[in-house]
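Number of protein chains: 2
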Amino acid sequence: MKKINIGLIGFGNVGSGVVKILQQRKSLLAQKIAIEITIKKICDKDILKKREVKVDRSLLTNDANEIINDPQIDIIVEVMGGINPAKEYILSALKKGKHVVTANKALLAEHGRELFAEAAQRGKNIYFEASVGAGIPIIKSIKEGLIANKFNSIFGILNGTSNFVLTQMSKENCSFAGALNSAKAKGFAEKDPTLDIEGIDSAHKLVLLTYLAFGRIVSLKDIFIEGISRVSSADIAYAKELGYEIKLLAIAKKETDELEVRVHPTLLPREHLLSSIDGVFNAIYVSSDLAGDLMFYGPGAGQLSAASAVVSDIADLTQDIKAGLFRPTLNIVEDNLVKALRKIDEFESKYYIRITAVDKPGVLAKIAGILAKYGISIASVTQKERLKSSIVPVVMITHQSKEKNLRAALKMIDGLPDIKEKSVAIRIEGV
Amino acid sequence: MKKINIGLIGFGNVGSGVVKILQQRKSLLAQKIAIEITIKKICDKDILKKREVKVDRSLLTNDANEIINDPQIDIIVEVMGGINPAKEYILSALKKGKHVVTANKALLAEHGRELFAEAAQRGKNIYFEASVGAGIPIIKSIKEGLIANKFNSIFGILNGTSNFVLTQMSKENCSFAGALNSAKAKGFAEKDPTLDIEGIDSAHKLVLLTYLAFGRIVSLKDIFIEGISRVSSADIAYAKELGYEIKLLAIAKKETDELEVRVHPTLLPREHLLSSIDGVFNAIYVSSDLAGDLMFYGPGAGQLSAASAVVSDIADLTQDIKAGLFRPTLNIVEDNLVKALRKIDEFESKYYIRITAVDKPGVLAKIAGILAKYGISIASVTQKERLKSSIVPVVMITHQSKEKNLRAALKMIDGLPDIKEKSVAIRIEGV
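First to last, the protein sequences are chains A and B.
Using our numbering, the letters of the first sequence correspond one by one to residues 682 to 1112.
Using our numbering, the letters of the second sequence correspond one by one to residues 682 to 1112.
Just chain A, same shape as in the assembly (with noise of 0.2 Å):
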């Protein structure tokens, strides 16, 4: 049987995780793929720590260039995590003549276009199954499944720590504060979470489903980006009564010929499948063309759901190497359709707004009036009971307005002096 060899860069969880499922997988992949894979050097920069598996000490060096160096090793996998020097790394090997798997979004999102652009130019491939989903199969569906559909849009729920929290302040009327004190005591949430909360994560993840549905490598700063750390449990608790959960949604979304790529949370109609993923799971909500609507949903995290979809990637190249192909299903196409990524100000939407006002007569006139001279006209209107003296928040969903607008109007609501607290808007989708 024919061998391919692969060099692991990084042996953390996710590594230790495709070392076990190549370990113990070794005769079923064989079987399935007709190549003995195997595992010819292993890089880390701490060797002597005891790992979960166990591997050959001779396999294991804190050189990475005797992996990128080493002419018997064909594929790469880089599961080091951060961007330097993974970026440097796979730019050698690509140059060395190897193919890559990777689950980085960071660096695939902040450099893409140059390590793709690497990969066209010497024939090789980058693959990143693991690196939106962990487990689930959303990128190989997007790219091979659906090799035939134009997409309309994508609604990614991408960051399962977001999602655990949002979905504790809902099921569990918690705050914020107490949400995420419950996911990091749960293991859901990293010391310094920012990443996952501000949703820069999903943005990373965002990017990739966007080139891969769009053809477009769209930078970070494109993406408009709002955390749930402003989201409260209020909000939550009005969204509910009027029908809606909340979700931190990543967006990808055609627009006649624009295409907006967005973070935030987002009111959901509890109808919408989306409402009812709860806790730590993603999903990736694709409308497409001609296979419809679709959703795909599973862990996004974890050690072996990870080292799974690497595996598939590692599956996948060995057949590419075996047929010497440049596998052309990687060629990512450009939706024609797509002429520029609409901005911000530009953005759409029908909003969820919430006002705390001072509960006096005719407050809620000017509040409508001011609403009424920006072109935002409300489907509905509750004035909520008194929370303390004489304050009421005010909840309306407006009908589609635009982004520019609204942001006007609330900030000369918010400079009444009957309004006693910043603002909300949340944008729904779904509807």
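In case anyone wonders, no lab produced these hints; they're calculated from the structure.
Since we're looking at a predicted model, the values are computed, not measured.
Any given hint might turn out to be false.
Treat identical chains as interchangeable: a pair holds within one or across any two.
Claimed, not checked - Heads up, simulated DSSO-like pairs for lysine-lysine below, C-alpha to C-alpha not over 30 Å straight-line:
#1 735 <-> 831
#2 707 <-> 831
#3 721 <-> 701
#4 831 <-> 721
#5 1003 <-> 707
Chain A is fixed; fit chain B onto it per the hints.
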């Protein structure tokens, strides 16, 4: 650019969809796969009928052998449906060295063993993504995306007609007959809906999923099949009160070293994601040992949705052909943890039971006595309000019980003079 010729057998609904996509996405596909796909011949028994797509009259034939015997055609696409002559055409095409794409679940379910063996012997492939869940890339996902995984279970809502009927009954509170009429009126049910409603279509698809996930081709007769025609609106309402929805599930499930394969109405807890799958949509819930619990959702039927899957199969095959590969990821490996198929008598489940009894002292005691005699223990009992005169429905949820014992107990209960209707038992899953 290299060209690959295909021949289409069947120019009906899906066939026309395939032609439409290959025409309209010709350049997109060529850019992606670097191969030009050309339709060289289309066979249909009626070549005069006006169709929604235009093709050159010279492509049309009513003799399938013109395709099968054409040495310039590398791929035949069988979308005529039915068992004969589709089976003969596919076998002949394989013998002539062609690869096959088919959407024909009934044919593969009934004759898959013979067809796949012939393909393997000839070093050719049969791809069938469209046969389960139409455009949902479930087959590619199990076969390639989850290549390293072993599977614990697959739960599928695989028949849109049945799911539409059950959804109508649940949401609109209507009878089975009423819901079925509404499905017919909307074009979601055929004139004779037996195959859909009685679970046969789901069973066909289950054969294919079982093959992919567990490496075993089971016969239809190995599958316990029960349709939805005896599900009453009362059961749906009572189930809902207890926190469940009723879905027609196709299930392949490992229990220790045995495999259960079955299709039947099932109570699912409302929180289970499959409970939220409404209308004609399909969803496949896959429990895997590495990637965890995944779900794939989308329209389970439709011209372009099915054609989208057919075209992705064609695209994959062009790559195999270009590489001269017998695509090795097609090797389907038997799960060696599965030693046998479990017989229906040995199934164990929790059950929802509804017994219709005369409301008089001692009846419940008799029922409970019989259940106890058969070792069936009860988790909850609700005696509903009287329906008419002195008849009351008694609804119970059992603990884990053997199917065999439950059937015997119900038979004895139904023999009691105070039982006025055949008792109902529905399996519960997902708890």
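- Contradicted hints - numbers only: Hints that this structure does not satisfy do not exist here, as all of them hold.
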